[in-house]
Amino acid sequence: MKLWKTILTAAALALAAGTSAFAARTDLVIGVTLEPPHLDPTAGAAAAIDEVLYANVFEGLTRIGPNGEVLPDLAETWTISDDGKVYTFKLHTGVKFHDGTDFNADDVKFSLDRARAEDSVNAQKGLFAAIDTVEVVDPATLKITLKNPQGSFLYNMGWGDAVIVAPETADTNKEKPIGTGPFKFQNWAKGSSITLVKSDTYWGAPVSLDKAEFRIVPDAAAAVPALLSGDVQAFPFFPDLDSVAQVQGDPRFKVVIGSTEGETILSINSKKPPFDKLQVRQAISFALDRKAIIDGASAGLGVPIGSHMSPASKAYVDLTGLYPHNVDKARELLKEAGFENGFKATLKLPPPPYARLGGEIIASQLRDVGIELEIVPVEWAQWLDQVFTKKDYDLTIVSHTEPNDIDIYSRKDYYFNYDNPAFDKIIAGLNLTSDEAKRMTLLGEAQKILADDAVVGFLYELPKAGVWDAKLEGLWENAPIQANDLTKVKWTD
Amino acid sequence: MTAYLLKRLAIALATLALASMVVFAVLEIIPGDPARLMLGLNASAEQVELLRNQMGLDAPLAARYLRWAGGLLSLDFGRSYTYSVPVIDLVRERVVVSLPLALIALALSTVIAIPVGLFSASRRGRAGDTIAMGAAQLGVAVPNFWFALMLIYLFAVWLRLVPAGGFPGWSAGVWPALKSLLLPAVALALPQAAILARVTRSALIEVLHEDYIRTARAKGLPYRAVLWRHALRNAMIPVLTILGLQFAFLLAGTIIIENIFYLPGLGRLVFQAITQRDLIVVESVVMLLVAAVIAVNLLVDLSYAVVDPRLRSRQ
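Residue numbers (the UniProt record's numbering), protein chains in the order written: chain Y, 1 to 493; chain V, 1 to 315.
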């Protein structure tokens, strides 16, 4: 198989070398693995929705930039009151929705009130929890009053779930999304592709692409042939990590390895014996060999983590040295905890390859210290039901892809079953702090507590392998949020 | 004949009703909540409850079954949870991919298998037969997804004759659409053709031993005419049975091929709906497939009567 691939790839290369370059293109076909269930970012958690629409069709007050920074979007500027509770946004004028209607402060008020309403099914309702009132001062000025100061408010408003929609079209966005962005929705051939075209009425800097098609390529094995045949020109989230090396040697393509916000962890049900014992959890941490897991489950591309923070984040503290791979130490801790002869447990694995491959490796590493794991593969729906909702599990592997989500460890009833008042206090303090330096200190302390408590087995940051045509420019290298921002993408010649 | 038809029809309807209960029950049993799946990890329990209520998922089991089954009777298949469009619209979009694909594959496999079967049977034990049946054995053994990948590398990546996958839609023109169905159809057809060729060959060999074949030869008919007119027709019953089974398989069992070629067909729709717990789509599409399989079986039963006049009078 591998040999055939190589021979045929070489042949394809030879053939392609003969074709000459042509004038700069303005169309692009982007490969995505998952089809969005619908096209309304304010009504679903599926990352696939944002991967098509974020920054392209829909815009928010603020937006998240390529490196996770908060940038102004529909809000041109803003001021924050001294007590940190009142945000006054100056909005761009002359902005139109794709259906031709004007955008103004009323639309913002509508969108935010809709998202935080009692009957709202916004998947990230927590983003709006701090908002007390939203007032329209004039068509270009909006005043938001918070119940309490919130350090991450501007960041929160940059999420895809907080984009601005028009009252007239809010209910039909699932099928026919109408936003204010530089691209407007043209067509969705279900199961096949979603096409966006340049919007002529865009208020900001015009985009270079005239047409962008998101083609759904669900099978990882189909991604390489789709690229090689020229059918698809970019896979910003390349699904077949094992083939990255093969494409890397091909001068027609650019391979960019970037970071994500996906902390991949071995989650532990820390209320369920024997995992309620600190020594047991620490023993697991000592038993894990991150290097072997990264090599086996992410083709060696992941970056090791020692706590729940992306190494790309400013707040990151390197705690990977706390539990170096040490089988003897792990056995010793298990002995202290009263498990000299080890014990048996289950490891439930959701479908992504990082979990299924990583699970096999972790099971063999834990067997070395006497913990026998029974591997139980589950589907996503089962995982959400059994593991996440009912907390019926011992261990599981999952990547937490939401950005800046260290606060999940303070949530009551979250599936880790972790409860530490000292940690909760830090997170509560963090929510009330907007001073950058103080926030960094608090985030650092939070990371240390999680690592000391060995709440879960911290493995690695999920890598993002982007593969695209070498003549293509402007796609995101990293994935601070799961999006395919096409506003700066262009063909060079 | 009419009584026979009515009896078959009644059995078909009873099967459908039974299947609807089994399908509904099975999907109730498998764990997974569509509302939680749509809202993701960050949503609270109250929000999930709210969405369940909006989707009508909190109604009692019997009430939901009756609403669904009642809808089916009036050809109302309900609305998809995830896409929030009528299921029938989704099916209509998908069936124009899956049905032509299955038909092309069926035609291809028949066109390949019957001549190969005839050839092999008439040269039984000779080199040609050994080679053909060896190839057929290979065709049965090779998994179709691997075969599909090899076809992609050869015809799409290397020769660039056809796209590596995807479907431009019939609106893009008949030829581009057909072109994108060609490789998947071949990948689907060859393993089927291999099975069909083997069945044709063994059915023919059995028939060729019959006395009437010797009689036909003895009265001076050329071998070719005996083979086509007398032997093949009598060997058709097992071949038709397999063809009927294969059509059902092709229509429903294209999930893997549709994934590899990323074709927006019914197989993909069901697969996606299962992973997203879009239960209403799964239920309705599975029922449609059940209905299609029953209809094809009915057709096969009827075609027995066409090829074998004895069956007509016996009923």
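Honestly, the hints are just simulated from the structure, not real lab data.
Hints may be right or wrong, so weigh each one.
Claimed, not checked - Computed cross-link-like contacts, DSS-like style, restricted to lysine-lysine with a CA-CA straight-line distance of at most 27 Å:
#, chain 1, residue 1, chain 2, residue 2
1, Y, Lys-329, Y, Lys-277
2, Y, Lys-412, Y, Lys-211
3, Y, Lys-272, Y, Lys-198
4, Y, Lys-211, V, Lys-7
5, Y, Lys-190, V, Lys-7
6, Y, Lys-488, Y, Lys-176
Stated by the list, open to error - A few chain Y residues that face chain V, going by a derived Cβ cut-off under 8 Å, partial list only:
#, residue
7, Val-121
8, Gly-191
9, Pro-225
10, Ser-229
11, Glu-379
Unchecked claim - Chain V regions said to be covered by chain Y (calculated; three or more residues, Cβ under 8 Å):
#, segment
12, 21-34
13, 172-184
14, 254-264
Note that CB positions come from ideal geometry on N, CA and C, so glycine has one too.
Violations among the numbered hints, reported as their numbers in ascending order: 2, 3, 4, 5 and 13
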